[in-house]
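Student: In order, the protein sequences belong to chains A and B. Quick note: the first sequence uses our numbering, first residue 614, plus one each step. Quick note: the second sequence uses our numbering, first residue 32, plus one each step.
In case anyone wonders, no lab produced these hints; they're calculated from the structure. Hints should not be assumed to be uniformly reliable.
Stated by the list, open to error - When the alpha-carbon atoms are kept at most 25 Å apart in a straight line, the in silico SDA-like pairs for lysine to any residue are as follows:
(1) K1130(A) - D71(B)
(2) K1005(A) - M1258(A)
(3) K1156(A) - S114(B)
(4) K1130(A) - I126(B)
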Amino acid sequence: MNKLPYSRKMLVAAFFFCVPIALLSYFLINNILDQIEFSTKERYGVQYATPLGKLLEGVLEERSTALLGGEGSGVRTSLDQLLVGVELVEARLGGVLATKGPLQALKLKISKLNGVRGATGRQSFEAYNAVAADLLGLIVLVADNSNLTLDPDIDSYYLMDTFSTKLPTLAEAILRANVIASRLSNASNSSIGDRTDLIVLSGQIKSLVDGINKNIRAAGGKNAKLSERLQKPFQEVETSSAAFLKVMAISASSGALSPLNPASVAKAAKDATGAIFRANDVVSSELDGLLVARVSGFRNKMTTYLSISFSLFLIGVYLNIGCYLSVRCGIVSAKEVSLKVAEGDLTVEIPVLSHDELGEMARVCNTMTGNLRNIVTTLSDVSGRVHSCAGKLSDSVEQQSGFSTQLSSSVVEISSTMEEFTSTASQIAQHSQKVVERADKTLEDTKNGAAEVENLSFKVNDISQNIQANMSEIVELGRKSKEINKVMEIINNIANQTKLIAFNAALEAASAGEAGKRFGVVAVEIRRLADSVVESTSEIEGKITEILDSVNRLVMSSEKSFQLIQEGQEYASHTVMMLIESVDGVEETTSAARQISLSTQQQQIASSQVVLALKDIEQGVRYATDSIQNTNSVTDELMELSEQMRKLVTTFKVSKDGGTERAGENS
Amino acid sequence: MNDKGDKQFASINLLLFSVGGVHFGIDADQVAGIAVYDGDQAEDLFWFHEELEYEDAAATYASPTVVTIRTGGVQSYRVIIDSMEDIAEFSQDDIRLFPELLEPFAMRRGLWGILPVNGIMVLLLDFQRLLRNKRHCIEFNGGIVKC
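Sequences are here, hints too, so could you generate the full structure?
Tutor: Laid out in structure tokens, this is it:
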């Protein structure tokens, strides 16, 4: 299907659209024709059964004449004439209704009726009964073979039933009852069982009349006009049959075989059969009319179906051609535009000629072309950028390659450095072990030092106490020196007073003149003595002052020494504390040194692992270098691809201006 | 007598002392007595630097000594001096008088001559003349010493 062009697709679609319509029409018409044939065959049945009914009427009439007395030859002629009518119908419809065999048998029996004319009444009666029975069977056969018994409509079905089975049987029953009643009226001709037969026949007649009435009501229930037309003849049938039964009932109820009135019975029977056969004619014509109407209805229906089918066919063809033309126009324009687009012209657009899917497709294609145009434009810019980026990437990759080479050499240097670091870590571990040993020794020395410093503190404490005692002595010495000073002041005062006295004496001596010179000399000497005393005391005072100064200095020095000793003691205590803390610190140092030793050993192991890792990194850097070289080649290839893409993009036309602008020419 | 008088005239006993680093000498005959200053406050007791109107009013005395001056009258005159050094006899030839130009001003302060002793210049002071000038000024200025 996909390989077919669109025109053939439309033809195929039209074919598959029209064929179902044709098939449907064919089956419908076929069905209607079947129904027409069915109904026509029914009409054949009616047409065949009508002369058979006439023949039956003749046979029954002749039977009555033959048994009750009368002119027989005239009747014979009548039967032959009636048989000719049947043969005519047989010649026309016998092949269709398959009545040839039964009809031959019937004709044979009718021909034999001439042989029973001289026979007894009962033999004739039986012979005529056999002919009547064959006729009734033939009528039923005709009804069966002509589809009358399969009639689908209620009215025609019940009319058929009345026409083919009820009315002939009723007529035969009434006339047979008439014969039996006639025989009962003549005691010499009667036989045992006639009255019983008469009673049975009366019941049959009554039952047949009821059945006929029901059939007529049923047929008229659907068709009111038919009911009106049938009302009168069947009213007569019912009335005459009821009258016959009444006469028969009076005769039968008379008890001990009271003689019947044959004339009244025969008249009632004749009236009844006459009414029955008239009704039969009416039913025959009505049934034929119904069948004709049905056939006509079927024909009209067939004509309607044919008209509708042909109209639908024409509409389908018209729509198909219209759709084909519409689709073809859209597809052709889309094809032309698509060819241009395929050649790279993105400026063309499909004209939107309809609002159907093709129009929608045209709009979508136009949108797609516009998007493609934008994409190609963008792709053009992108290809240019990709080209430039690929160039930059190539430069970057080259730089990266250089960096990678440097990195590789750096990693090699780091590896060698880490190996040295590993050996150094080993040495550090050895030294750390020595440090641990040294820390243990230091811890022991520190503990000894703390004990020595504690002893030193005790000694300093003793010295401090001695200095305190010395200070007390010195202070006492200073105090005594001050007391000496006071004594010296007293001496000095005395010397000064002596000097004043000496001055006064000198003054007196001076005022005494020559006489006081010796006294003056004494005064001078005394004054000199006093001066020498003063000088001596001054010297003593100076010495004492020096002593006091020395004492003060000594005191200050002692105090300072005391303070220093106290400070020394504090320092000693502090030193002890610090040494104790140092012991803790040294212990921590020892443990830390052990930890350092362990850590250094672990570091040595880690360094070895780092060396291995660095070798892996070195290997990885080599791989990275190779990868970068591959990237470089890929970048070159990318540049070539971008150039190809740019050339490819230039094959698209994206602008209507000038009609020559190509995508990627600017980039 | 003349020899003696000359001889007597030719020498003089001087009481040497110093106040504020300046050496003075007074005639021992003008001094009636010497005593230690015991902080006494009296109308006839004067501080030496006040009497000579030292510019430095805060002159310090190491060993203040009260010198009683012979006034020849009822009212006594005592001056507090410092650092009494010696009483000795000096030749009058060694005494040098002030120049005439300065003498009136010096005499107004009771200073009458200069004696060099062992390289030290000793100002010779006449307390009695000083006292007289003081009294004259008091009388002249209505009780206020302003001369």
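Student: Would you pick out the hints that fail for this structure and give their numbers low to high?
Tutor: Hint 1 alone not satisfied by this model.
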